[in-house]
Amino acid sequence: MRSLADTIAYLKNYAIGETPSISVGGAMLEAEKILKEIQMRNFTKFDIEAEIEISKAKLLLNRIMKMDQENPHIQALQVRIKDIDNKLNELLQRINAANSKTNEAAMVNESNRRRLSRVKEYSAEIKSTRQIVDDQNFNSTQLLKEANKNLINTRINYDDLANLLVDLRNGSNYLEEFEGLLWRLNIEYRDKYVKRAHDHAMELMRESIRLESLFNKTRDVADGPLRAAKAYQRIVDALLSAEGAAKNASLAAETAFKVAYPGDPEESLVRRATLSLHKSQELHSKGEKLKMTLGQLYAELDNQRSALGTTKGILDVTDDRLNALKTLMETQLTSSISSDIQDSLERTQTTHANVQRTLDHVNSIHVNLTIIRERTQELNRIDASLLNEIRDKISAGESHTMKGVRLANNLRKTVDRIENRGNDLRERIEALKRKIKQTRQYASSIRVSLTTNSSGICTRKYRPSLQPSTTTSILLSYAISSSDKNALLMYLGSHNSSDFMAVEMVNRKIEFSWDAGGGAQRITHPLKLLTNTPQVSDDTRWYHITINRIGNIGQLSVTPANIEGPAEVVTPVSNASPPGFSKMDLLPSDILWIGGIPASAQNIVKTNRFAGCLHTLSIDGEHIGLWNFTESEGCGACNEGEELVSRQADEIALGFNGKGYFKGTNRIRIPKQHYSTVLAFKSLDEDALLFLAVNEVKNQFFSIALDNGHVVFTVQFDPQTRLVMKSSKQLNNNENMVQIQATVQNKAIAGARMGRLVVGDQNQLGTVKGGPDLDLSYVPYYFGGVDPEFNKERWSSELILRSLLGCMAGLSVLEEGKNPLTDGQYYGVEQSCPEKPLNDVGFLGQGFIELQSHVLKRESNFGFTFQTMEADALLMLSTFIGQV
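Residue numbers (UniProt numbering): 1 to 884.
It should be emphasised that the hints constitute simulated quantities derived from the structure, not laboratory data. Among these hints, one or two may not hold up.
[To be verified] Here are the simulated lysine to aspartate or glutamate pairs, EDC-like style, with alpha carbons at most 20 angstroms apart:
#1 Lys792 / Glu427
#2 Lys433 / Asp840
#3 Lys583 / Asp620
#4 Lys528 / Asp484
Quantities reported herein were computed from a predicted structural model and do not represent experimental measurements.
Hey, can you work out the whole structure from these sequences and the hints?
This is the structure we're talking about:
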């Protein structure tokens, strides 16, 4: 009965539909069960009772019909009963349909069993195939080993070919030296070569002086962007002239080498004098053959005359070739000044050694000729006339030898002068390079803001130093003073691929779009830019835009500048382009656009014109001088907020990018009794310069540096007197800033000087005796690195001069606070030191980097790029603690 009641409850809810608590399938199964139970029961005894009940029902029905005619509600009940009857019939139909579905399910199960058996057969075949593939793989491994052996043999053969090529070149040089055998005996040698080399050396000196004068002019043209660009052009012209001078020096040195080298010793004057001695001995022993010997000597003399004539022609041809080569070298210059000068110096040194050997040979010839003269006197008894001729030839040979000695001495002096002037030129060029680098760093600090002209037009093109890379960082300082809502700030694209990056303002929100080869992606920052004053003087409405791309992942951050009080934290937005494409193929020939785009990128960006005021732009840490453009249309200048140039020292820390420095000078009037500095730093560098003051004249310095992660404080009073203190802990992995205070007494008290180093909570004292007083009060000081004009060659062996990559704050020298942005010269120093991702890192074989773990989703990707010369190395490991 309970089952019937449950079934009736199911039927009452039938019209509602199937719910988690009401299952039509369950109801049908229960109905089948009840039907079978009803069929098994015997209802015979109930028939009589049913007939009695039916008769009673008929009577009752008659009464009801009569009542129905009198009561209209009965008709409604009849309609409901018919509806229930129809639903019962529908229920029976569903039960029948369910039975058919059950039969179909049985057939499907049978089909699945057959398929399972086939899958098992396929699995067995796959296993057998895998075994075959493994066998083939083993065979291929053996073949690869044999191929590797063949490759090694090929490389050995290639090295043999290289050696044969060297032998071939040596043979060619030997032929050229043999061709110039008699050049050193030519009377015109001085005019054609020595004098020419001297003239080239003088021209080299004049070019060096002109280079120095050209560089002096660049100091007066750094006031404006266009003048700075012209100064760079002049510097380039000066370098080309220096390169021509270096080529001339190289040519002179090569000519001197060819002339000074005597050639094959077998064909030298010593050898010929020895032959003459043998002939004289033959004359002494065989007097009857004197006429024949005399004829041979005349024939040899004719050969020498013809050889001299041939040599003169060769010298004339060589002179023409040298003139043509000089013209060619003056018109077609290469860019390897330093290497050519170094090669010239090496060849000059070789020439000097060859000249010395030539002098030794000449002295030996002189001694041998003296012996020959003594022996020829013995031959006077045989034939005086013949011996007189031999004596004349020997005298002529001796005079030629003396001329060779004088020429060799002159050549040695010329080589010495060329070598000295070459060294001087090399030093001047190195100084010029340092000054050029210094000038470029000065120019990078020039800030020229950019805006549209009165017609609202501004388009500029730039050529920054770009390289293909998997990472990119872009920094912009931007403000908008007009009612414009859209602006194209920057576009950078590849000319030979679809790779590009673009920064836009769309509806007053900054958007960054990029394509690394797999398809374009765009991200939008939610911060809405506010309108600045017409003079863009409201410092709180300038915005710093920071973009970081690592592989196919891009991140965009927009933060207001100089917000008073606690700044509202705006989370950076990020997104990823299609995985598998992470390298941006940008080349130095690609163009950076501001306020414009090439014709091929019309459908990529949403805007095509510039609006607002752009103060700074940097790509991968390199500041792009907005004045240093290649093409410009329209554009004008705008004012930047003063707080963007100089901010309070206690608000921020300074960021050093690993290539920069801060150089300043003290402004004290009276020297103090001590020298001290205070700073705070945070860095991952193991070796870097934190602070340095050097007095090169007295060979003194005051240095604070990181050495293998330890803070090392060094003071040198003279080369024999030093004070060195070192922290006990490695401090290059601290999360917080490390405070450093270093002090040393300038003058000795009771014969000793005391120094103090405070690093965090560690306090050290040290003393040193002897040495002169420390004189650093008026010399320049450096924080975080040194400038290009610093004499690194002299101090690199004693000091750590590597620039700092990290943060510094609270800078002070002699109790005076220092700010790089206002108190001196700086390069590679940023106004803030936010937490930046490290895009690349180097390993020396013993270090490591530990990063926080990330949860990978069902579909995730990760990757990195690396370069190494090692055959076996661990690249990445991710595991649980204690499990490897």
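Taking the hints in turn, this is what the structure says about them:
1. Restraint check for lysine 792 and glutamate 427: satisfied, since their Cα atoms lie roughly 14 angstroms apart, inside the 20 angstroms limit.
2. The straight-line distance between the Cα atoms of lysine 433 and aspartate 840 is roughly 28 angstroms, outside the 20 angstroms bound, and the hint therefore fails.
3. Note on lysine 583 and aspartate 620: the hinted pairing holds, with a Cα-Cα distance of about 15 angstroms set against a maximum of 20 angstroms.
4. Distance check on the hinted pair: lysine 528 and aspartate 484 sit about 13 angstroms apart at the alpha-carbon level, within 20 angstroms; holds.
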